[in-house]
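Each protein sequence line maps, in turn, to chains A and B. Sequential numbering from 1 applies to the first sequence in our numbering. Sequential numbering from 1 applies to the second sequence in our numbering.
In short, the hints are calculated from the structure, not lab data. Careful, some of the hints might be misleading.
Residues from chain A shown here face chain B by an in silico Cβ test under 7 Å; the list is partial [as the list claims (entries may be wrong)]:
(1) LEU246
(2) GLY262
(3) SER298
(4) GLY460
(5) PHE556
Here are the simulated EDC-like cross-link-like pairs (lysine to aspartate or glutamate), alpha carbons at most 16 Å apart as the crow flies [unchecked claim]:
(6) A:LYS424 x A:ASP449
(7) A:LYS447 x A:GLU474
(8) A:LYS462 x B:ASP20
(9) A:LYS416 x B:GLU344
(10) A:LYS280 x B:GLU330
(11) A:LYS254 x B:GLU338
(12) A:LYS92 x A:GLU125
(13) A:LYS280 x B:GLU339
(14) B:LYS350 x A:GLU231
(15) A:LYS462 x B:ASP52
By construction, the Cβ of each residue, glycine as well, lies at the ideal position given by its N, Cα and C atoms.
Below, each chain spelled out in residue letters.
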Amino acid sequence: MSIIEKQKKEVTIRFAGDSGDGIQLTGSQFTSTTALSGNDLSTFPDYPAEIRAPAGTVAGVSGFQIHFGSKAIHTPGDLCDVLVVMNAAALKANLKFLKPGGIIIANTDGFGKKDLSLAKFAPGETPMKDAKNSGYIVIEIDVTKMTRESLKDTGLTIKEIDRSKNMFVLGVLYWLFSRPLDSTIQFLNRKFAKKPQIAEANIKALNDGFTYAIATELFSERYSVDAAPIEPGTYRNITGNDAIVLGIAAVARKSEFPVFLGSYPITPASEILQGLSVLKNFGVTTYQAEDEIAAISSAIGASFGGSLGITTSSGPGVALKGEAIGLAVMLELPLVIVNVQRAGPSTGLPTKTEQSDLLQAFYGRAGEAPVAILSASSPADCFEVTYEACRIAVEHMIPVMLLTDGFIANGAEPWKLPVISELKPVDPRFEKARDNGQEDTPFLPYKRDENLVRPWAIPGTKGLVHRIGGLEKEHETGNISYDPDNHQKMTEMREKKRDMIANFIPDQKMDEGSDTGKLLVVGWGSTYGSIKSAVSEAREEGLDVSFLHLRYLNPFPKNLGTLLNGFEKILVPEINRGQLSRILRERFLLPVEGFNRVRGVPLMVSELKEKITQLCKS
Amino acid sequence: MSTQKTVNGSQGNGNLQAKDFASDQEVRWCPGCGDYTILKQVQTLMPKLGLDPENIVFIAGIGCSSRFPYYMNTFGIHGIHGRAPAIATGLKVARPDLSVWVITGDGDALSIGGNHIIHLLRRNLDINLLLFNNEIYGLTKGQYSPTSPKGLVTKTSPAGSVDNPFNPLALALGANGSFIARAMDRDPKHLQIMLERTAQHSGTSFLEIYQNCIVFNDGAFSPYTDKSLRDNTSLYLEDGQPLLFGANDAFGVRLDGYRPELVDLRNGKWSKDDLWIHDEQDRNKAWLLTSLFDDNTTEGKLPRPFGVFLAEERPTYEELVRNQIAASIERRGEGDLEELLTGEETWTVKG
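Generate coordinates for the entire structure from the input sequences, incorporating the hints supplied.
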C-alpha cells in the first residue's frame with residue numbers, strides 16, 4: 001500500500017489521557033518541534049479541576065490542544081483533526097472536540113474492561129467500534145505492549161518503562177506530520193542529564209514509535225504543513241501568566257524603583273506569584289500574604305515606601321480587595337491589580353475562562369473610585385500590557401486594573417522577544433528632599449502637575465513628612481477636609497486625572513478592514529484570536545466587516561468614538577452576558593449588539609462567523 | 001548641640017524634642033479621652049529613638065485611636081479598618097530602614113483585623129504595635145467590642161453581651177508573638193517605660209494599653225487604674241524580681257506547680273523567697289501570666305499584671321526576606337533580563 005502525502009494549511013491536534021500519562025509534556029514537545037518547523041501556532045492545556053482524580057476516570061483526564069499552520073494562527077482551534085487518547089475516559093471526555101471524520105489514535109491497552117467501566121461506558125458498549133461506525137478513522141495501537149517490547153533490554157523496571165509510553169505516541173505523530181525528532185531528543189538529553197539510562201529509553205521509545213508508524217503502515221495518508229509567513233525575529237513559546245512575570249521583572253530591572261508583589265494563591269493566577277518568587281535577584285520582592293485583603297494592603301504599604309506595589313488575583317479575590325482599591329484611589333499611589341478572570345460568580349468554574357469582571361473593574365467599589373483599566377489580548381500580549389500597566393500606575397500615581405483570563409493565562413503562543421534596549425524605563429514622580437536652604441518651602445502632598453498627578457513623596461526623604469489616609473483630602477495640602485466644595489473638586493480631579501491618561505496612550509487602530517463600513521466588530525481581552533479568525537474568514541468571503549480590539553478600556557483611546565460612528569452596525573463578542581457592549585452603549589449612545597457565551601471556553605470561531613455573516617447580509 | 005540618650009543606642013537626632021513630633025493638626029478626641037495621654041507619651045518617646053521624623057511612619061486602621069497618625073509629625077497612613085498591620089508589613093518588607101508603628105484599637109485589631117494581627121505576630125516583623133483597648137466601639141458610638149466583658153449593656157447588647165471576650169495578650173502569645181506587654185493610660189510613667197521597651201525590641205512588639213473611653217465605657221478599667229484601688233489589683237512585672245503587689249508589698253504570687261497562688265506576706269507563712277520570680281524570656285511562664293485575667297475586683301483574687309510578659313529575640317521577617325534576596329544575588333548575580341526573557345528554548349525566523 002502506498003502512502004499519500006498531503007499538504008495541509010492548518011491542523012489541530014488534541015492529546016488526552018490520564019493525569020499521569022505525561023500529556024502536557026507530550027503536547028509541549030510537539031509544540032516546540034512545530035515552532036522550530038516554522039509554523040504559526042496556538043496551544044491550550046485542559047487540566048482536570050481535581051489535583052489527582054482517580055486514574056482512568058473522566059474527572060482525571062488531562063488534555064492539550066495545539067493548532068498550527070502555514071498561515072497566521074490566532075486560536076487553539078474550535079475542533080480538532082486528530083484526537084490522541086490514552087484510555088477510554090479520554091475518548092469519552094474528548095470525542096465532542098473532534099471534527100466529523102477526524103482521526104482517533106487510541107492506545108488499546110487503555111480500553112480494557114476495567115477502563116471502560118471506570119470511564120462509565122455501559123456494559124457491552126464498544127466505543128471504538130461505535131466511533132468507526134460514526135465515520136471517524138480509528139487507529140488502534142497497543143502502546144503499552146509496544147513500549148514494553150521496545151524497552152525490554154534497557155534494564156529498567158516495568159514502571160519506569162511505562163513512563164515512556166507518551167514518547168512512543170509522540171514518535172508516531174512526528175511521522176504522521178513529517179516532523180524531525182532532534183529537538184525532542186535534545187530536550188530528553190537535557191531533562192535527564194543526570195539519568196542517561198532514562199534519557200536513552202525515552203529516545204528509543206520516540207524512535208521506535210516513528211519507525212512503527214512506517215513499518216506497520218498504520219496510516220494511509222501522511223501530512224506536511226509548511227512554514228508560515230512569520231515576522232522575522234527570535235521567538236519563544238510563552239503562556240500569559242509567564243509573560244506577566246517577565247513583564248514585571250522587566251519593569252523592575254529597567255526602572256529605578258523596586259517592585260513589590262503582595263499576593264494570595266488563587267486559580268488561575270497563582271503562577272504569577274510562583275514565577276516571581278524565583279526571581280529574587282531581579283529587584284522584585286514577593287510576599288505571600290494571609291489573605292487577599294492583606295495582599296493588596298501590603299502592596300499599598302510598599303508603594304507608600306517607594307516600591308511599585310502589585311497584587312495578582314482572580315475575580316473573587318478582587319472582590320475582597322475592593323475596599324483597599326478605594327484606599328489606593330484616595331492615597332493616589334501607584335498600584336497594579338492583575339485580575340486573571342475565571343468563570344463566576346462565587347467559586348464558579350475556577351479552571352474555566354470568562355470575561356465577566358469588566359463591570360467589576362469599572363464600578364466594583366464604594367464611592368466614585370476611578371481606576372485605569374487595561375486588558376491583554378493573547379498570551380504574548382501580556383508582556384507588553386503588563387509593562388504598560390506599570391508605566392501608567394507609576395507615571396500617573398493611580399491604581400491600574402489589568403484584566404487577563406484563564407484562557408490566555410494558561411494558553412501559549414510564540415512570542416517575539418523584545419529588544420531590551422528599546423524598553424523604556426518607567427519614570428517615577430519622586431519628590432526631592434527639602435534641604436540646602438529649601439527647608440522652609442512647605443511640602444504639599446496633593447499639589448498636582450499639569451496632568452493632575454501628585455508627587456511620590458517617600459519616607460526617608462528630608463522635609464517631606466506628611467500623613468495620608470482614606471478620609472477626603474484638602475486640595476494641595478492633603479489635610480482632612482469635610483468641605484463640600486472641596487469634595488466635589490477632589491472627586492472630579494481624581495476622575496479627570498484618570499481620563500487624562502488618554503493623552504498618553506496610542507490612538508485606536510483597526511485590526512482588520514477599513515475605518516468605515518457596514519459592520520464593526522469590537523473586542524477586548526482573550527477573545528482576540530476567535531474574533532480575528534472569524535473576521536478574517538468573513539472578509540475572505542468578501543463581507544464588509546472591520547475589527548478593532550481594545551487594550552485600553554478606561555480611559556478609552558480618544559479616537560474610539562469617531563471609529564464607532566463610522567459603521568452601520570457594531571457587534572461586541574464577549575465571554576460574559578454583555579459588559580463592554582453595555583459600557584459602549586452608555587458612553588457613545590450607539591446601538592451595539594452583543595454576541596455572548598458563558599460556557600467556560602473560548603468563543604467558537606464558526607458560531608461567531610455565522611453571526612457576522614448574518615449581520616452583514618441583513 | 002547636645003546628643004540625647006537614645007533607646008536603641010544610636011547617635012540621636014540632634015536636639016529634637018517631643019513638640020517637634022506634634023503635627024499642626026488639631027487633636028480631636030473627646031475631652032478627657034485616654035488617647036491624649038498616650039499621644040503625649042509617644043511624642044515624648046520619639047526624640048529618644050534617635051531618628052529624624054522622616055524615618056518614622058505611623059500606620060493606623062479605623063477607629064478613634066486610628067486618628068493618631070494625623071497628630072504625629074512623621075510620615076503616616078490612616079488606612080482602612082483592620083488592615084494597618086498588612087499595610088505596615090508591606091512597607092517594612094520594602095523599607096526595613098524605617099521605624100514602623102501600628103496604632104490600633106480593640107475592634108480594629110481583634111475583630112475586623114484579627115487575621116492580620118495573628119500573622120504579623122507569627123512572622124515577627126520589626127513593627128511596634130500599640131493596641132488601645134477600651135473594651136468598646138467608640139467611633140461608631142457605643143457598641144460592644146471583642147474585649148467587652150460578658151454582660152456589658154451597650155446599644156447592640158441591651159440585655160447584656162453574651163460574647164466571651166478575647167484575652168488580647170493570650171491571643172498574641174498564641175500567635176507566637178515575640179514581645180508582649182501591658183500598660184495603662186492612667187500611669188504615664190510606666191507607660192513611657194513600656195513604650196521604650198516596645199521601641200527597643202527587635203521583632204513585633206505588642207503593647208496593650210488600657211485606655212479609658214470617657215463617653216461610652218467610662219471606668220472600664222478603674223479597678224486597675226484608679227490610684228486608690230490599683231495597689232490591690234495591679235501587679236507591676238519586673239524582670240528577675242518576685243511577683244509582689246499591694247500596699248507595702250503585702251501580697252505576692254507563688255507557683256504551686258503550674259498553678260499561680262495568691263499569698264499574704266504579712267502573716268509570716270510566706271516570704272519573698274517563696275514567690276514566683278519573673279523571667280521575660282520564659283514563654284511557659286508568660287502563658288501563666290496571661291491567664292491572670294479574672295475579674296479581680298473582689299478580694300482574694302489574683303492581680304492583673306502590667307509590664308513586659310515576654311521579650312524573646314528571634315530573627316525578624318524582613319531580615320530573613322532580605323537575606324534570601326542577598327543570597328540569590330550572590331549565587332546568581334543581578335538578574336540578567338536578556339537571559340530571562342530568552343528562556344530555555346528559542347527559534348529564529350529569518351527575513
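Hey, A:LYS280 versus B:GLU330, does the alpha-carbon distance stay inside 16 Å? holds (11 Å)
Can you confirm whether the C-alpha distance between A:LYS424 and A:ASP449 stays at or below 16 Å? violated (22 Å)
Restraint check for A:LYS254 with B:GLU338, where alpha carbons must lie at most 16 Å apart: Satisfied, since the Cα-Cα distance of roughly 11 Å is no more than 16 Å.
Given pair status - B:GLU344, A:LYS416, alpha carbons within 16 Å: holds (14 Å)
Does the interface hint hold: is A:LEU246 within less than 7 Å of chain B, judged Cβ to Cβ? holds (6 Å)
Minimum Cβ distance from A:SER298 to chain B below 7 Å? Constraint on A:SER298 satisfied, holds at 3 Å.
Assess, step by step, whether the Cα of A:LYS447 is no farther than 16 Å from the Cα of A:GLU474, and give holds or violated. Roughly 10 Å separates the two Cα atoms, so the pair holds.
Taking only the CA atoms, is the gap from A:LYS92 to A:GLU125 under or equal to 16 Å? holds (12 Å)
Verify the proposed pairing of A:LYS280 with B:GLU339, using a straight-line Cα cut of 16 Å. Holds, at about 15 Å.
Hey, does the A:GLY262 contact hint survive, CB to chain B under 7 Å? holds (6 Å)
With 7 Å as the cut and Cβ atoms as the points, is A:GLY460 at the interface with chain B? holds (6 Å)
Do the alpha carbons of A:LYS462 and B:ASP52 lie within 16 Å of each other, as the hint requires? Roughly 9 Å separates the two Cα atoms, so the pair holds.
Checked against the numbered hints given earlier, this structure breaks hints 5 and 6; the rest are met.
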